[in-house]
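Residue numbers (UniProt numbering), protein chains in the order written: chain A, 1 to 364; chain B, 1 to 364.
FYI, nobody ran anything at the bench for these hints, they're computed from the structure.
All of these numbers come straight from a predicted model, not from anything done at the bench.
Wrong hints could be hidden among the right ones.
A pair counts as met if it fits within one copy or between any two copies, since identical chains are not told apart.
[Stated by the list, open to error] With a Cα cut of at most 30 Å, we get these calculated DSSO-like pairs of lysine-lysine: (1) K240 <-> K227; (2) K181 <-> K237; (3) K88 <-> K240; (4) K240 <-> K119; (5) K194 <-> K290; (6) K290 <-> K240; (7) K119 <-> K290; (8) K290 <-> K234; (9) K88 <-> K181; (10) K50 <-> K303; (11) K290 <-> K191; (12) K50 <-> K234; (13) K32 <-> K234.
Letter by letter, the chains look like this.
2 protein chains.
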Amino acid sequence: MTREYSVAILGATGAVGTRLIEQLEQSTIPVKNIKLLASSRSAGKTLQFKGTDVVVEEATPESFDGVDLVLASGGGSVSARFAPEAVKRGAVVVDNSSQWRMNDDVPLIVPEVNEADLKQHQGIIANPNCSTIQMVVALAPIKAKYGLTRVIVSTYQAASGAGQSAWQELVSETDAHNAGKEMHAEILPVKSAKHHYPLAYNLLPQIDVFEEDGYTHEEWKMIHETKKIMFGDKNSKAVKVTATAVRVPVPIGHGETVYFETDAGSGATAADIQAILSEAPGVVLEDNPKEQLYPQPINAEGKRETFVGRVRPDLENDDSFHMWVVSDNLLKGAAWNTVQIAERLVDLDLVRVPEDAANKFVTA
Amino acid sequence: MTREYSVAILGATGAVGTRLIEQLEQSTIPVKNIKLLASSRSAGKTLQFKGTDVVVEEATPESFDGVDLVLASGGGSVSARFAPEAVKRGAVVVDNSSQWRMNDDVPLIVPEVNEADLKQHQGIIANPNCSTIQMVVALAPIKAKYGLTRVIVSTYQAASGAGQSAWQELVSETDAHNAGKEMHAEILPVKSAKHHYPLAYNLLPQIDVFEEDGYTHEEWKMIHETKKIMFGDKNSKAVKVTATAVRVPVPIGHGETVYFETDAGSGATAADIQAILSEAPGVVLEDNPKEQLYPQPINAEGKRETFVGRVRPDLENDDSFHMWVVSDNLLKGAAWNTVQIAERLVDLDLVRVPEDAANKFVTA
Chain A
1 MTREYSVAIL GATGAVGTRL IEQLEQSTIP VKNIKLLASS RSAGKTLQFK GTDVVVEEAT
61 PESFDGVDLV LASGGGSVSA RFAPEAVKRG AVVVDNSSQW RMNDDVPLIV PEVNEADLKQ
121 HQGIIANPNC STIQMVVALA PIKAKYGLTR VIVSTYQAAS GAGQSAWQEL VSETDAHNAG
181 KEMHAEILPV KSAKHHYPLA YNLLPQIDVF EEDGYTHEEW KMIHETKKIM FGDKNSKAVK
241 VTATAVRVPV PIGHGETVYF ETDAGSGATA ADIQAILSEA PGVVLEDNPK EQLYPQPINA
301 EGKRETFVGR VRPDLENDDS FHMWVVSDNL LKGAAWNTVQ IAERLVDLDL VRVPEDAANK
361 FVTA
Chain B
1 MTREYSVAIL GATGAVGTRL IEQLEQSTIP VKNIKLLASS RSAGKTLQFK GTDVVVEEAT
61 PESFDGVDLV LASGGGSVSA RFAPEAVKRG AVVVDNSSQW RMNDDVPLIV PEVNEADLKQ
121 HQGIIANPNC STIQMVVALA PIKAKYGLTR VIVSTYQAAS GAGQSAWQEL VSETDAHNAG
181 KEMHAEILPV KSAKHHYPLA YNLLPQIDVF EEDGYTHEEW KMIHETKKIM FGDKNSKAVK
241 VTATAVRVPV PIGHGETVYF ETDAGSGATA ADIQAILSEA PGVVLEDNPK EQLYPQPINA
301 EGKRETFVGR VRPDLENDDS FHMWVVSDNL LKGAAWNTVQ IAERLVDLDL VRVPEDAANK
361 FVTA
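Chain A extracted, bound-state conformation (with noise of 0.2 Å):
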């Protein structure tokens, strides 16, 4: 007999929270009974899954009370009070927060290239960062034939990656700048930040906080992400990886230019990586210049695909190249991502928290 799973969605409202219940209805997911867990301030609202209304409840410790399934997007605080408690009551998360991502005791998957590493799951699977999925869906082919020896990228990232709140700030600040009047911004580039810019027909080279170091936390995240899932280890020396991300006024769908180097003497050409995105999983390759095709946020946005094009050799440095690729970010970079992993638990049967687990994630 199928087993059927009792699923929660943290943070319901959102973003990524009404594309989390359309990537659901759309899965193979067996659902017996669906949750919508949100906010205080947003439960009572009435959504929909699969045609039938649902009222959203306000999260507690307890509301994870037989649940099976927690796929969770009500970001980091919420992530760190609520994972553990769901863990605790035998349901497994998949979270699409960045509080989880570097624990060691949690998988970061994208399961075109990791999906292997579900089967250590303690309970927590992390759904890594928006701008980071894509990039590594479209390397983990050519890593796998020609090797990977160095990354560099620069982001080109959407609105909504800060939220619906974010990419409506957008779209009023470029309907104030047409009609003439003043730009208001209180919420880019970071809402808790002391400083807030227009986005509207500008660029802000700032996702997230600062570092010490100089760079943004975004761009932390690219690095140390791409380093845990492509090689098994977030701080691994075999591969460099630096990124510059940048947002720019688009609402859904982030582009990126990946440079990388393959391994020395790896003998790859243009022609052999158009040929391995061409089959890979999950990549769509847009790349004809003759006939100007090449991936567009307005084109990629609604599917679940990674886009890819412009691949072509750096015509300096052997062994290395240059691609634009093009993702929804709301969908693989979020979304469809954390619906993927559970997919993949469910068929793979390990939808269980293993037993000595239960209190793993659990602090004092």
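Mind docking chain B on chain A? Use the hints.
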């Protein structure tokens, strides 16, 4: 007695042309009289120079009789036709098109970087591509002290780089999209190309046409112009340069993420680089993460300087750094650099065509 100059502006009615007039008005050049030249379509319009009405004339070869100095921004084919005619008549041409940049008899000038090359001019001086100029202004003072062996740049280029009409198209598309209407694209990415795509709320990884090797001509220009300006040879092997050029939905102000390697063992630190940039001509260092201070296009608009921030070391590659560079593409990227070249020609008393060069650029 101070020499006064008869100046012609070719392509006076475009986005750059109107700024050429403004920058010339504000310059130190003693202007005896001014001619505003354009295509027959714009002839008859009235513009102002220093408060006086000037009627735009249709450019013909004879327009340049008696002219000392031509500031040209009418596009490649216009410069191909008229620059030789102007030089033949004794006028020195500072040309903002790409037509003459790679010609070995034409100095390609960014005054802060290679002013000395002006002395070799044969009647035509070329103004580099907008995205090249701001990058070399930032890199040159670093190279002077620590050397420069490699550059990888990703651009975030504004719509106005493709002219006034592209900029207007961005605004119209944005209005349409915000009103729930369909967007119509007729100009970007390249007016003469087969396909046109909306830029509003989108990213277009194509600027100018594609070359056979998969690079766009814009990327090709950044590579070879950087080598010619900074290393005196458009094919110099002393430095590796690669570019990816992306159009972003910003009206004015190009952004660039620039990765660069100084000489092996240079010993440079990020603080050293910042110190150099804080005193470099034409550069404003805006680099204080604690105060969220970094360059933004909306702050650079209307300014002549190149703004640099986010200076930080590559964490895994010695002697290597990243920075973020922003400048007004219509000013330092075009009109101001052109007028600045003209100012230097005047100061160095170089506004004269060498005797043996009068027919140098005329084709049979």
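Tested hints:
For the identical chains of this complex, K240 and K227 are neighbours both inside a copy (9 Å) and across copies (27 Å), given an alpha-carbon limit of 30 Å. In the homo-oligomer, the alpha carbons of K181 and K237 never lie at most 30 Å apart, since the shortest distance is 51 Å inside one protomer and 50 Å across protomers. For the identical chains of this complex, K88 and K240 are neighbours neither inside a copy (38 Å) nor across copies (55 Å), given an alpha-carbon limit of 30 Å. With identical chains, the CA atoms of K240 and K119 are at most 30 Å apart within one copy only, with a shortest distance of 27 Å there and 44 Å across copies.
With identical chains, the CA atoms of K194 and K290 are at most 30 Å apart between copies only, with a shortest distance of 10 Å across copies and 47 Å within one. Proximity of K290 and K240 under a CA criterion of 30 Å is satisfied inter-copy only: 26 Å between copies versus 33 Å inside one chain copy. Neither within a single protomer nor between protomers do K119 and K290 lie at most 30 Å apart by alpha-carbon distance, with minima of 45 Å and 41 Å respectively. Taking CA atoms no more than 30 Å apart as the test, K290 paired with K234 passes between copies only; the shortest distance there is 26 Å, against 40 Å inside one copy.
Proximity of K88 to K181 under the C-alpha cut-off of 30 Å is found in neither arrangement, the shortest distances being 53 Å within a copy and 50 Å between copies. In this assembly of identical chains, K50 and K303 lie within 30 Å of each other by CA distance solely inside one copy; the values are 20 Å within and 55 Å between copies. For a Cα distance limit of 30 Å, the shortest separation of K290 from K191 across copies, 15 Å, qualifies, whereas the shortest one inside one copy, 43 Å, does not. Within a single copy, K50 and K234 get their C-alpha atoms no closer than 39 Å, and across copies no closer than 62 Å, so neither meets the 30 Å cut-off.
In this assembly of identical chains, the alpha carbons of K32 and K234 never lie at most 30 Å apart, being 37 Å within a copy and 67 Å across copies at closest.
In summary, the numbered hints that this structure violates are 2, 3, 7, 9, 12 and 13.
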